[in-house]
Amino acid sequence: MSLTDPIADFLTCIRNGLHAKRGYVDIPHSKMKVRIAEILKEEGFIGDFEVVNVKRKNRPTKHKSLRVHLCYLDKERRSPVIEGIKRISTPGRRVYVAANRIPSVRSGIGVAILSTSNGVVSDRVARRNRWGGEIICNVW
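In the working numbering, the protein residues as written are 5 to 144.
These are calculated hints, taken from the structure and not from any lab test. Even for Gly, the Cβ is constructed at its ideal location relative to N, Cα and C. Incorrect hints may appear among the rest.
[Claimed, not checked] Computed Cβ-Cβ distance ranges for the label pairs, DEER-style:
hint, residue 1, residue 2, range
1, ASP9, GLU80, 14 to 22 Å
2, GLY88, MET36, 18 to 26 Å
3, THR16, SER83, 18 to 26 Å
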């Protein structure tokens, strides 16, 4: 796993878990990832998430992991709720927007997740409260 962009690794783990039709994925824990998972759960893109202690091979201590339970539309064919997930702002190229320029993702079907001075919020909350910030990712 890359240490330079943990948010991109988080999104890639979710994307790979959906393609592999997994029930859940375990991701290294951080407060930012927990908040992004909360937003994805509120918007209905994931089923649930929890913080678990995982003992890894050849390591004596336990590490916190974020277990994200993935959500599917059709239980038999396991077609995922998330059609696409894309990282917008990267460590090498930050993308900031003003409150009146927050983009709409797929004509309102998707959600943009923003990091504002008031915390990590969805695009709907940022527009309602007139907060601008850094666009972390788009999910549709």
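Quick rundown of the hints versus the structure:
no.	hint	result
1	ASP9 <-> GLU80: 14 to 22 Å	violated (35 Å)
2	GLY88 <-> MET36: 18 to 26 Å	holds (21 Å)
3	THR16 <-> SER83: 18 to 26 Å	holds (20 Å)
Comparing the model with each numbered hint stated earlier shows that hint 1 is the single one that does not hold.
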